[in-house]
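Input sequences plus hints: build the corresponding full structure.
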Amino acid sequence: MGATFVVTLREAFEAALVLGIIYSYLGKIGARDGFSYVTRGGGVGLLASLGMGVGVGYLSGPLLDVGPDIVTVVVMLAAVALLTWHAWWMQQHARLIKSNMQHRIDEARAGNRLWVVGLIAFTAVFREGAETVLFLWGIVAQSGGGWGSAIGGVAGVACAAAIGWAIFRGGQRLSLTRFFSVTTIFIMLLAAGLLSSAVARLQGMGLLPLSEPLWNTSWLLGDGSLAGGFLSGLIGYRAQPTLLEVCVYVAYVILVSLLLFARRTPAPVGFASPTRS
Amino acid sequence: MGRSGSVRGWVLRLAVMAVTLAVVGIAQAADPEIPLVIEKNRFEPDVIKVKAGAPFVLVITNKDKGPEEFDMQSPRIEKVIPAGKTMKVRIPALKPGKYPFVGEYHAETAKATIVAE
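If you're matching them up, the sequences are chains A and B in order. Quick note on this note's numbering: the first sequence kicks off at 1 and runs consecutively. Quick note on this note's numbering: the second sequence kicks off at 1 and runs consecutively.
A few of these clues could be false.
Straight-line distance between alpha carbons at most 20 Å, and here's what the computed EDC-like set of lysine to aspartate or glutamate pairs gives [claimed, not checked]: (1) B/Lys51 x B/Glu33; (2) B/Lys98 x A/Glu212; (3) B/Lys88 x B/Asp46; (4) B/Lys111 x A/Asp223.
These are computed hints drawn from the structure, not numbers from a lab.
Next up, the structure:
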């Protein structure tokens, strides 16, 4: 029971983190009407997860061999693009708030199409969702004493959801500017981790050149441990990253920091494209 | 339209790239195949000797009633193998050395190592 609890908590943690941040963001900018986009996005992500979880049972051949991998990598890269875009928007809002330009926040809100937050919610849930579905379904399907494990698995997801809720509640208490700066950094690190993780997958598929792990901290904090899972969700921690993973991570953080935090006059909202880099 | 168009354009570009990569990946699939069986939450064999420097394909059959996730840390390969299915997992060329992997859903028992020499 304990083992399945850890597996599902780890898988669902990142989704809970993202959903918690997105809901609080909408609450903060007074766009509670946007909640339904997030809920719908998450719901569609869940349905897609169930669909894929059931679907792989019917696939065979190359479609089964590489299909799920490709979907995973595409969802990861899409999530990186969407989260970067969102971080840029949050940064724009923070600037406007600092300069007391409430009316421009409303303009910005109108410009930041709310379906994007729905898409972010979708990628967050769908990314690990199919695996979690397969995992839980497998436990139930296995005969003998599976129910304790299944309860552990469901409890793991519930616990992750509680963490997401706690982030939402906590986010409501933070001051607006602090909330924006903290979550922008969180989202940036999360996206950097996702990007390097996608690179690692592509290396594993032989589509990017393979390199030795740069270091190995498995002895200190394994990827399979609960703490390792949390750190992986938060900042993209890996026990054995390759040189390419580390380079991509660092390059992303530097480029996006420049994009987000470089001192400059506030750009007219609506013309710059944040996913350019 | 400009902003949302650019996001959509990105997603589309990524999708096209992924499909291209996939086709390349499938086209390369003429590598030696090595069978690997999952049974009673264990890998059989649990030591797989391969030639270093040459890619190969693990043909993994899951004979158990539940799915298992092939999980290797370095190089990073994660693959869910549904119950009763056989899947091909392509492993890129490895340098001489030991490459342990686990079945993530039963990590206490499902442990094995690829030895490249």
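Are there hints from earlier that the structure breaks, and if so, what are their numbers?
none
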